[in-house]
Amino acid sequence: MSDITWGLWQLLFKGVWITVQLTVYSAALAAVVAFGIGIARTHRLWIVRFLSGAYFEIFRGTSALILMFWMFFVLPMGFGWQLVPMWAAVLTLGLTYGAYGSEVVRGAIAAVPAGQREAGVALSFSPAQQLRKIVLPQAWPGMIPPFNNLLIELLKGTALVSILGVGDIAFGASLVRNATAHSAPVYTIILVMYFVLAFLLTRGMRVVERHAKAGVGQAPAARTSLRSRLSTGPAVTGAGAAAEGDAR
Amino acid sequence: MTFDWSAVGHFMPMFWKGVVVTLQALVLGSLIAFALGLVWALAQRSSLKAVRWPVMVITEFVRNTPLLVQLFFLFYVMPEWGITLSALATGVIGLGLHYSTYTAEVYRAGIDGVPAGQWEAAIALSLPRRRTWTAVILPQAIRRVAPALGNYVIAMLKDSPMLFAIGVLEMLGEARQFSSQTFQTVEPYTVVGVAFLLIAYPASLLLRALERRLVR
Amino acid sequence: MSADRNTPNTPPAENAAGGPDAPRPDEAAAEPTEGTELIRFEAVTKRFGAHTVLDALDMKVYTGKHVTLIGPSGSGKTTILRLMMTLLKPDEGTIKLGDRYLTHEEKGGRLVPASDRYSREVRKNIGMVFQQFNLFPNMKVLRNITEAPVHVLGLDKDAAEERARELLELVGLTAHLDKYPTQLSGGQQQRVAIARALAMRPQVLLLDEVTSALDPELVAGVLDVLRDIAHTTDITMLCVTHEMNFARDISDCVMMFDAGRVIEFGPPEQIFTEPAHERTREFLSAVL
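Protein chains in written order, with UniProt numbering: chain A, 1 to 248; chain B, 1 to 216; chain C, 1 to 288.
Simulated from the structure, these hints should not be mistaken for lab results. All C-beta atoms, glycine included, are put in the ideal place defined by N, C-alpha and C.
Where chain B lies over chain A, by a calculated footprint (3+ residues, C-beta under 8 Å): (1) 54 to 63; (2) 71 to 77; (3) 176 to 184; (4) 187 to 197.
Kindly generate the complete structure, drawing on both the sequences and the hints.
Given below as structure tokens:
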């Protein structure tokens, strides 16, 4: 590692910062999409369910890298919008992982016992009040572990932007590799950097989970091993999500 | 927006070559992921800490870092160690290794899901250890998790375009090449994007049907 | 909101036994029909798939009466409560609460199936206590009780809390108002659920097997609270229960259901001591 100079280290840390930004922006967009689409998929009007379901199927069936290329190369040609690579990436990752997240939201809403909604009806709450006051607060703690898995998938997905030339960690690594002519040290370093970021995310989500559970009168979860908490999986379909549920 | 159908026609021969390469990578990668994942899952149940621990560290590390960077690592670092493989072989190994850490979790869940009574019955019948695994536990576990494994095949399909970054001419790689030769970008990328939808959606429907049949 | 809304603090009505109409005209004629009619089912049919749970049911309940529905499981008792609460919609027939339809609304002189908005408005007059309590686990006891009065009836928060405290005193749980439901026993949760339903000052209280999910030693506490409410208020009660002693204590009228029909009804002393119908006798000897 001695041939990685201070300047090259700076390059890598700049890359970490870009990766963190990408993750935060994409996660914010993904969260909005996940709740919007996920709630729409439980709507009582079939047309709303159909359209939101179609969104889910389309984005779930698409490869993120190809979508990113499409956003970056085809949108400007076809529609005359030139997206900055960074925003093409955020849009792609946010829309894609938002679709996966919508499955988490839908599943967690469906898991709230029917009696809770019935009690809401018996107390004359409007559908919106039932959702806001009864269903979502109860569904939320159950969403956090699968959201954590998706967040780590999203973090890993940000590496794709290096192909578009955005200066994230992976892009920094290719520059360093060219400068030092050695690949092993720099790629080992950045793999560790990604791992540390994933670890920090998991830690953060665990704190969020503990607060969420306390907020619905559940006892905080017993401490589990890093191993089971770090288990991640791309929530590909409902079955995939179920398997993750088993694996947790 | 202009969409040039003749460009689509011109792209088709390259597209089909890309499809073949994508499918090769997918099939071989899946085989590695299924086999290696089972190895990880069994190793994690080892009674030896010296086996469990390294396997746990490796699988955690591989699962929580990007496949793309792992591909670069394999592609650039292996030659430095004197191992030179084709880009496709490197990509297959990368895909298979990455997803083996997911299938390991799937197998683990499947094995944990076999009722304790099955183990007890095997003991009561004095079945040898190996026979217990191969005849009693694994057949039940794998039947339960087959749809989940299938989902990871779809996930691998969607990650396979990353192989283009190390120079594999799969579907995206062919599209990239076509557009750099002809300066037509809209058509090849759109064709590839639609092709993924056309493969992934029916596949996921199939898996959901399989899941309903198998997982009871 | 209607001005004549009953409150649990007003004295009990002095009406003698009132009761519902049975589908059989000969029996219905024998029943006294004094008092004001509050609930009316007309030719209500409810099917689940090919299974007919309620078969052209007619019945009436008079204001302030306590009516208990008994019968084997699957006979349609709970379905009646769920239809009243608009958790289910009837396949045929109409249900009226006072002079308004629950299931339908009048538009341009014609009856059309009720919109969600209309149902929500009418059902504010109905409260329900569930077998599984269905307290909101994300809210503490006090907020479980005040949430609907504040956000549905528009009561101000202090008034709602004041009332919630009174109700908690009524059900004997004042000490627990700052706990989450999961920290309470099943019996305590059910008493909170009763207080929560009463907080909406409903005209009608529906009790759906409220003790069935409780451990035996916790049943008495819940029944005592309900006896208290039944004897000190004039709230109309519709109650599905397997607790026959409780039914005898609080009911003005007991209705025996079988296969989606009322086969017999009358004051509890009559039904429990000299049932007219063979099925009623069989049922009572099985449960008593």
